[in-house]
Every structure is written in C-alpha cells, then in structure tokens.
Amino acid sequence: MRRSRSHVLKGIVAALSMAACGKSDGAGGVTPQKMADALHAVMSADRTVYTRQVVNRLQNDEKIIEATEHWKDEKTLPLPAQMFRMGAEMVAEKKSGFTYALLSMWPVNKQNAPKTEVEKKGLAFVNENPGQSYYEEETLGGNRYFTAVYADTAVAPACVTCHNEHKDSPRRDFEIGDVMGGVVIRIPLGG
Amino acid sequence: MLAAAAGFAYTLETPLRRIHLPGPTSNGHYQIELACGECHTEAFGDRESMQAACVRCHGAELAESHDSHPELKFTDPRNLERTAVLDARYCVTCHREHQPELTAKMGVTLPTDFCEGCHASIADERPSHVGLGFDTCADTGCHKFHDNRALYEDFLGKHLNEPDVLPEPRVLARTTKPAARPLTLADADAREGVELARAEREAWAKSAHARGGANCSSCHEPAGGGAFEVKVPDERCGGCHERELADFEKSRHGMRHAAELSPMRVGDARTPMAAEAAERTVGCTSCHGAHAFDTRFAAVEACTGCHDDRHTRSYEGSAHARLFRDDPSGAHGVSCATCHLPRVLEAERTRVVHNQNHNLRPNEKMVRDVCTSCHGLGFTLDALADEASILENFDGRPKAHVKSLEMVEARAER
Chain X
575 MRRSRSHVLK GIVAALSMAA CGKSDGAGGV TPQKMADALH AVMSADRTVY TRQVVNRLQN
635 DEKIIEATEH WKDEKTLPLP AQMFRMGAEM VAEKKSGFTY ALLSMWPVNK QNAPKTEVEK
695 KGLAFVNENP GQSYYEEETL GGNRYFTAVY ADTAVAPACV TCHNEHKDSP RRDFEIGDVM
755 GGVVIRIPLG G
Chain W
-17 MLAAAAGFAY TLETPLRRIH LPGPTSNGHY QIELACGECH TEAFGDRESM QAACVRCHGA
43 ELAESHDSHP ELKFTDPRNL ERTAVLDARY CVTCHREHQP ELTAKMGVTL PTDFCEGCHA
103 SIADERPSHV GLGFDTCADT GCHKFHDNRA LYEDFLGKHL NEPDVLPEPR VLARTTKPAA
163 RPLTLADADA REGVELARAE REAWAKSAHA RGGANCSSCH EPAGGGAFEV KVPDERCGGC
223 HERELADFEK SRHGMRHAAE LSPMRVGDAR TPMAAEAAER TVGCTSCHGA HAFDTRFAAV
283 EACTGCHDDR HTRSYEGSAH ARLFRDDPSG AHGVSCATCH LPRVLEAERT RVVHNQNHNL
343 RPNEKMVRDV CTSCHGLGFT LDALADEASI LENFDGRPKA HVKSLEMVEA RAER
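Residue numbers (our numbering), protein chains in the order written: chain X, 575 to 765; chain W, -17 to 396.
Quick caveat, the hints were computed from the structure, so don't treat them as lab data.
Careful: at least some of the hints might be erroneous.
[What the hints assert, rightly or not] No more than 30 Å apart at the CA atoms, straight line, and that leaves these computed lysine-lysine pairs for DSS-like:
#, chain 1, residue 1, chain 2, residue 2
1, W, Lys213, W, Lys232
2, X, Lys684, W, Lys55
3, X, Lys741, W, Lys385
4, X, Lys646, W, Lys232
5, X, Lys649, W, Lys159
6, W, Lys385, W, Lys140
7, X, Lys646, W, Lys385
8, W, Lys55, X, Lys741
So here's chain X without its partners, still in its complex pose (with noise of 0.2 Å):
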C-alpha cells in the first residue's frame, strides 16, 4: 500500500511541474491522462479515509454522531459526497480551469445528473465496465478539455443508506460494491 501511494506522489509532483511547461502531450512529460489519473487517486482516498475512519466509525460504530444533509443545522457531519463537492468547489474558486464533479445517472439531486456527451457516455461506461475509466477530449463554451470519468462506488455503508432512504433518490436498491455513479475530472488543454 506505501509503495504504490509513494508513486502515486511522484506522479503528482512530476504531473505538476510538467503542468508548469504547458506540455500537453507525452513527450517526455506527464500525459493529462496520468495527470487525471493522479488526481483521481488523491481525491478518491480522501473521500475513503473520510468516509471510513470518520463517519463509518463515528456514526456506525461508535454511535456518537451521525452524518446528514443539512449539517450545519443539525450540528452533524457532512456527508461524504458533500465533502468531496466541498473541496470540488474550493478548487473551482481557484478559477484555474480545472474542476471536478460527482456526478451520476440516478442523483439524488437532479442537476447532478450527465449533461454533456461525454459525461453521459463516461458515467454508462464504466457503470458497465468494472475497474476501467474513461477518456475523452470535449470543447465546452470555446475551450477544450481533457475529461476523465471514473466509476465512484459504495465504499460504506453509509453511502448506500443514505441514497436508498433519500426521498429524492430514484434507486433504493443500492448495495455496498455497487457502481453510483462517476467523479468527472475536467483538466484545460488551452486552445
């Protein structure tokens, strides 16, 4: 497990100073697919380390405190896709360009759901592809992307509960393992 997270951190650094160059292509550089790739590692054991060590144990186990959607209100934890769509939006502050979403073909919220060509063919791809991503370049309002899709799936407990009791929810029948939908990284290729 060190092993492979320590590439994973090469990969970023190196992924990030290529970055800097403007290198958009492989040669000799970091490929935006490997760049995706690195960022989706970092994203996805984030949300894990959270989902697991903090709201599976506190809520589920511990029996201390719950995570729910209104949190603040109710003085509770956020929820993990709320986590993620927290940092998603800080980054989006950031107005660099590059931005990330969790999106799926059975949201909760409806404006969560594929828009763009890509993301609907990304989200059934690897809802039908287990293990596998998807790549592909998009121009949305005059400026070309390079978008990754990568399968997000039940990790917790928490995470199938939450979205089969939801009353907005159009699948109750989520189990842990399942494919819920896609984290969708957009990275700018300048153009």
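Dock chain W against chain X, hints included.
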C-alpha cells in the same frame, strides 16, 4: 477646451457630480449614489471590476446565506450554457442600477418569471407545482434566489403543524459583564473646565458604561491620550464595540459612514420620516444617547423619534408593543429592536446585530433568528406573506396563507 475639461473634472469632485448620474439609484444604494467610486472602481471598468465591488460589500452576507445560486454554479464549464439564459456570474445581470423604470423590489431588474429560463420543467418533478405561474416562484414562503435557509424542504418538514405561539416563547437574554470595580460619579475623569449638565453626569453614572468601567476619557479622548473632544467620533465607539460598528456600517443607518461620506441626514431618507427630525443625522448616539446609553430607549423610542411610516405608527397599538410595555425585564417583550436588530447567540454570548438590513428583505430572513423564537413556522410564513398585516404591525391573525408546509407534508406522506 481646457476650461471645459477643467469644468468637467471639477464637477466630479463636488456634489455637482449629481449631473452625471444617468438615472436615480435603487433604494438600497441611493444614500451613497454620489460616491461613484464605491461601485465604479475603475474609470472605464467592466463587469469584472463592478463584480469585485459588489462582493466587497455583499459577499460575506451572501456566503453566510448558503446562496442557492452561487457564482460557482455558473462558472462550472458543464453549466456554461446556462449563462446564455441568465449570466448569474455577475450581480449586475439581475441587479442593474440607474434604471428605476425596471427596478422592482430588492433592486431586481428582471421580469418576475425569470426562473422559467432554467426551471421550465419543474412541474414534471413536482406535481404540486403544476399550474403555478413562474411569476410566483419567489412569493413569500416559497423560494428565494439566494437565501433559502428558512425555506428548504427538510427545514419545513421539521416544523409542520406547529402552534401559532410556541409553548415557550422567549427573547434571548443579554449577556453583560460588569467591570471588577464599576465607576461612580466621583470617579468621573473629565478635564478641568469641561461642563456637563448634572442630569447628564448622573445619567452616565447609572449607565452600563460606568458599570463597565468606561470613564469620560475612554470616549472623549483618543486612545493613546490627547485633547478632550466634545463630539465623539463613531470610530471611537468601535474601539470597544467593533462588531456593532461593523454591522452599523453595513446598514442603511451607517452605509454613508462606511463610504466616508457625511452622516445620513434624516430628511434625505426615502422612507417616511418625522418632519421635526429632518435635520438630525445618524450615528451611534442618535439611538443610544450621549451619556445614558439606555438600551430600552434605543429599542423603541429612538426609532419612533425619526421613523414615521405606517408600520412604525401602528407599533404602539400592537400586541407586540403591549408585551413590551408589560414586561420591563425584556424577556417576552417585542420592541422594534427585537425584530430589526435581533439578539443572536454567538459563542455563548448574546450579540445584538446592529445592521437592520441584515434580515429585512426578503423578509423570510427574519424567520429563523426572530419570528420562530416565539411563533410556529406556519403562522410565521403566513404573517410574513400578509403585506397589509405588516403595514398594520401585525394587528390580528394573518389573512394570507402559504401552502408550502402542506406541499411538504403531502410529499412526505407519499
């Protein structure tokens, strides 16, 4: 030619710059309309520089309101096509100044049914909304573009079927801490030759300032020591009452102060004011007095001394006022300040919000901090929706009825 240029430049530097106003400003900004640079931060600036100016004053409040339509929603590349319908990345898209013929409540310069642009298919997801016109989306008790803290579905769902008056209605108590050694008349440290009427000296000795250890010099002399000043600048109050001054500067009372303009003159206000108060100006001591600092006076009489509109005039005869008169302790009375300058709990201390604009419009902003301390949510929304009742200062039960709670209940049952 040079003379014309010099004349033009001259007008920009004086109140004559009024001739450059392309049109009257909104109720929210008219007090500072001659401080052009507050919004027009650059000579030929674009939307970006204007946006920075909006955010400088309004950004913190907007963030606190859990804005339902934050800028981020529209800068996200996957949502860019929405900006073609409504470019909500910029405040000025919906809140244009200098266009009084377009300006509706809260400075909105769009037709009331603009929601349809993105939410046209809402009736497909919410059968309860079939047949509702898009000009009703923002009705009281339904939805707001920015602040839905008192209106989101789960919040309504937690407050169904509450009584008009809650079992334990109460106003937050004040938390004040007297000094280790309160001051007396004998301790007054005004310099030799300073004259003050006996009544005023005694008022100070009985005041919270004396109890809290604030002597004559604390207010009348600059912090590091210096000449005695008869007129105390508001900044000096802010030396101890920092939050209050900050709030005040965000309010309609103090926004000119924040823009470094002369204090607001009562007679210049657009809202109806008593004719005899016209020449008074607004500062800390306008409401708090110069030496007595009687907060009970500040809670009602300070307001009615200037404000002369129907809502204010109806207060004296209202049920809220009766409670205030009958309850000297302040635990159950409802004064002007109870609603408009509410007490909020912050880190176990009670703070009085000194920005009367903070919860004024849209009036659902009063729901959580004010109304629901005493009233059930259904009654509250009905009262806030009844404009006639508001003008009469809530004389009798509200005649409006907001259906939001029933809609939530119906959906929960399905």
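Can you name, in rising order, the numbers of the hints this structure does not satisfy? Going through the list in order, the structure violates no hint and respects every one.
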